[in-house]
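Dock chain R against chain X, hints included.
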Amino acid sequence: MFALVDRVGAAVLSVLGFVGALATFGGRAIVDAFRPPYEVREIVRHLYQFGLRSTPLILTSGFAIGVVLSMHTRATLARFGAEAMIPAGLAVALVRETGPLTAGLLVSGRVGAGIGAEIGAMRVTEQIDALEANAVDAFKFLAVTRVIACMIAMPLLTVMMDFAGIFGGYVAEAAVSGMSWQLYFERSFLYLEFSDLIPATLKTVVFGFLIASVASYLGFTTSRGTEGVGEASTRSVVMASILIILSDVILVKIIFFFYPQVPS
Amino acid sequence: MSGAAQDTAHAIKLDHVSKSFGDRKVLDDVTFEIAKAKAFVLLGRSGTGKSVTLKHIIGLVQPDKGQVMVDGRDITKLDRRALSDVRKHMGFLFQNAALFDSMTVGDNVAFPLRRHTDLPDREIRDRAKQKLADVGLEQEYDKMPADLSGGMKKRAALARAMALEPSILLVDEPSAGLDPITTAEIDDLLVQRKRSGTTIVVVTHNIPSARAIGDELAMLHDGRIIQRGTVEDLDRSDDPLVQAFMRSEGGG
Chain X
16 MFALVDRVGA AVLSVLGFVG ALATFGGRAI VDAFRPPYEV REIVRHLYQF GLRSTPLILT
76 SGFAIGVVLS MHTRATLARF GAEAMIPAGL AVALVRETGP LTAGLLVSGR VGAGIGAEIG
136 AMRVTEQIDA LEANAVDAFK FLAVTRVIAC MIAMPLLTVM MDFAGIFGGY VAEAAVSGMS
196 WQLYFERSFL YLEFSDLIPA TLKTVVFGFL IASVASYLGF TTSRGTEGVG EASTRSVVMA
256 SILIILSDVI LVKIIFFFYP QVPS
Chain R
2 MSGAAQDTAH AIKLDHVSKS FGDRKVLDDV TFEIAKAKAF VLLGRSGTGK SVTLKHIIGL
62 VQPDKGQVMV DGRDITKLDR RALSDVRKHM GFLFQNAALF DSMTVGDNVA FPLRRHTDLP
122 DREIRDRAKQ KLADVGLEQE YDKMPADLSG GMKKRAALAR AMALEPSILL VDEPSAGLDP
182 ITTAEIDDLL VQRKRSGTTI VVVTHNIPSA RAIGDELAML HDGRIIQRGT VEDLDRSDDP
242 LVQAFMRSEG GG
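Protein sequences appear in the order of chains X and R.
Under our numbering, the first residue of the first sequence carries the number 16, and numbering increases by one thereafter.
Under our numbering, the first residue of the second sequence carries the number 2, and numbering increases by one thereafter.
Pulled out of the complex, with its shape left as it was, chain X reads as follows (with noise of 0.2 Å):
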């Protein structure tokens, strides 16, 4: 009995600990950004890594997404023959939370992978203290500049996401009934707000945050060669999934919070 209780407060000491860790890492990282040198060269290359090289795998994903989504609330709304609303469900369903989300589970297994892994590499390799030996400060090189490029990077993903999944929910609606574009494009934004689209989007800048946070600090702190850094690759897709599955929760609580979600 004491020796489970003893697994147990370590776990929970180990998982505190980690969270600790975690938090004190990420708020550098914010506090870092706003200290010269800025690094704006390592940001740009990093926004064309995470962003630029991430938008055909959003595309696809947002436009077969879209395309699942038309059916099923067609499937929904013709029980009740209220098929004209159909773009205007998918848009809100989309642009509220399966867009943002999406997004952000894609990009944490994409870029939270890549990072885990290049972070760590590069620690096992003793380039992250050659980087320290040429009086480069590593952590601001590393990790702050990818933290800003995949803040940055997550809300213009998102939108992207929005807007392919809108475009894959008209090609499947046009398909079984032939609605034009204008008719369901004008459908769409019939019940759309920008208190919808704006904090849900936004939002995603705090999936960036923890996306590059987690697999920055993960690859900083690799060690046992190669092993480590497929293990610092596979739990930054881990740790960066819950946690913007958690912090949904919190945001959305926050959004809900600021903007009630009343029928006017």
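Everything labelled a hint here was simulated from the structure, so no lab data went into it.
Being a predicted model, the structure only gives us computed values, none of them experimental.
Treat the hints with caution; some may be incorrect.
[Said to hold, decoys possible] Straight-line Cα separation of at most 25 Å, SDA-like style, residue types lysine to any residue; simulated pairs:
#1 R:Lys-66 with X:Asp-144
#2 R:Lys-144 with R:Arg-128
#3 R:Lys-144 with X:Ser-238
#4 R:Lys-130 with R:Leu-79
#5 X:Lys-268 with X:Val-186
#6 R:Lys-89 with X:Asp-47
#7 R:Lys-26 with X:Arg-50
#8 R:Lys-144 with R:Lys-26
#9 R:Lys-37 with R:Thr-105
#10 R:Lys-144 with R:Arg-116
#11 R:Lys-26 with X:Ser-238
#12 X:Lys-268 with X:Val-59
#13 R:Lys-78 with X:Arg-50
#14 R:Lys-89 with X:Val-34
#15 R:Lys-89 with X:Lys-268
#16 R:Lys-89 with R:Ser-197
#17 R:Lys-78 with X:Ala-153
#18 R:Lys-144 with X:Ala-136
#19 R:Lys-195 with R:Gln-228
[Said to hold, decoys possible] Reference excerpt, derived from the structure (chain X facing chain R, CB under 8 Å, subset only):
#20 Thr-140
#21 Gln-142
#22 Glu-147
#23 Ala-150
#24 Val-151
#25 Ala-153
#26 Glu-246
Yeah, the Cβ is synthetic: ideal placement off N, Cα and C, and Gly gets one too.
Leaving out everything else, chain R in the frame of chain X:
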């Protein structure tokens, strides 16, 4: 700054430095000083704390006890910015080269110049090319580190370490993985650097290199310096380990 009087005669001084990693004591009360423009060679079997000693000198590892003085300043007490300023005057060749594998060989050598000088890009390229030519790699400027052999990576990393013309050069096993002719060329290069005023600390197992470069040699064993002196002093040593080292002529 500590209250200790500034020692400006020596480029580097380790004062009773001890360091443990977990239960393992890696350095145990290590003390030595290196005069400016001299070459100091650290000898010893693998795992005796030679690389850790070098990393102390550039502040990559902090001692548990003792002082690490560089140009009269205790670098263990410097803040990040001041330490960074000290490092700009130092070059470090890592045991495993540690080239940045996302950059070309040329960009690796140009990296410290781009970071710490205001030179135009053309001048930086020319200087980086010259540094690569010094180590016989002028043709490899646009290659990626992954395309180089182990010995070539080492030489490219040496070119990077020398890019800013540092006043202190820390070199971890410069001849590991190199053929005897290239080893001799690297030794000549280090001797030239020393003659032009650079203080050099070399970790090596290569006794011919140690004889060629070193003004003073020290033998580390189990984290302690067991013998220190000129090549002649170590040649005359009664210590069996020192004798075994000094009689070996193998490289590596």
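Evaluated hints:
1. R:Lys-66 with X:Asp-144: 22 Å, holds
2. R:Lys-144 with R:Arg-128: 17 Å, holds
3. R:Lys-144 with X:Ser-238: 29 Å, violated
4. R:Lys-130 with R:Leu-79: Status violated; Cα separation ~34 Å.
5. X:Lys-268 with X:Val-186: Given that 25 Å is the threshold and the Cα spacing comes to 33 Å, the pair is violated.
6. R:Lys-89 with X:Asp-47: 21 Å, holds
7. R:Lys-26 with X:Arg-50: 38 Å, violated
8. R:Lys-144 with R:Lys-26: 41 Å, violated
9. R:Lys-37 with R:Thr-105: 34 Å, violated
10. R:Lys-144 with R:Arg-116: The given pair, whose Cα atoms are some 21 Å apart, holds under the 25 Å limit.
11. R:Lys-26 with X:Ser-238: Within the cut-off at roughly 20 Å; holds.
12. X:Lys-268 with X:Val-59: 33 Å, violated
13. R:Lys-78 with X:Arg-50: Holds. Lys-78 (chain R) to Arg-50 (chain X) sits at ~22 Å (cutoff 25 Å).
14. R:Lys-89 with X:Val-34: 35 Å, violated
15. R:Lys-89 with X:Lys-268: This hinted pair is violated, its Cα atoms lying about 50 Å apart.
16. R:Lys-89 with R:Ser-197: Holds: Lys-89 (chain R) and Ser-197 (chain R) sit about 18 Å apart, inside 25 Å.
17. R:Lys-78 with X:Ala-153: Answer holds: Lys-78 (chain R) to Ala-153 (chain X) is near 20 Å, not above 25 Å.
18. R:Lys-144 with X:Ala-136: Answer holds: Lys-144 (chain R) to Ala-136 (chain X) is near 20 Å, not above 25 Å.
19. R:Lys-195 with R:Gln-228: Between Lys-195 (chain R) and Gln-228 (chain R) the Cα gap is close to 23 Å, so the pair holds against 25 Å.
20. Thr-140: 6 Å, holds
21. Gln-142: With a closest approach of 5 Å, the Gln-142 (chain X) hint holds.
22. Glu-147: 6 Å, holds
23. Ala-150: 4 Å, holds
24. Val-151: 6 Å, holds
25. Ala-153: 10 Å, violated
26. Glu-246: 20 Å, violated
The earlier numbered hints that this structure contradicts are 3, 4, 5, 7, 8, 9, 12, 14, 15, 25 and 26.
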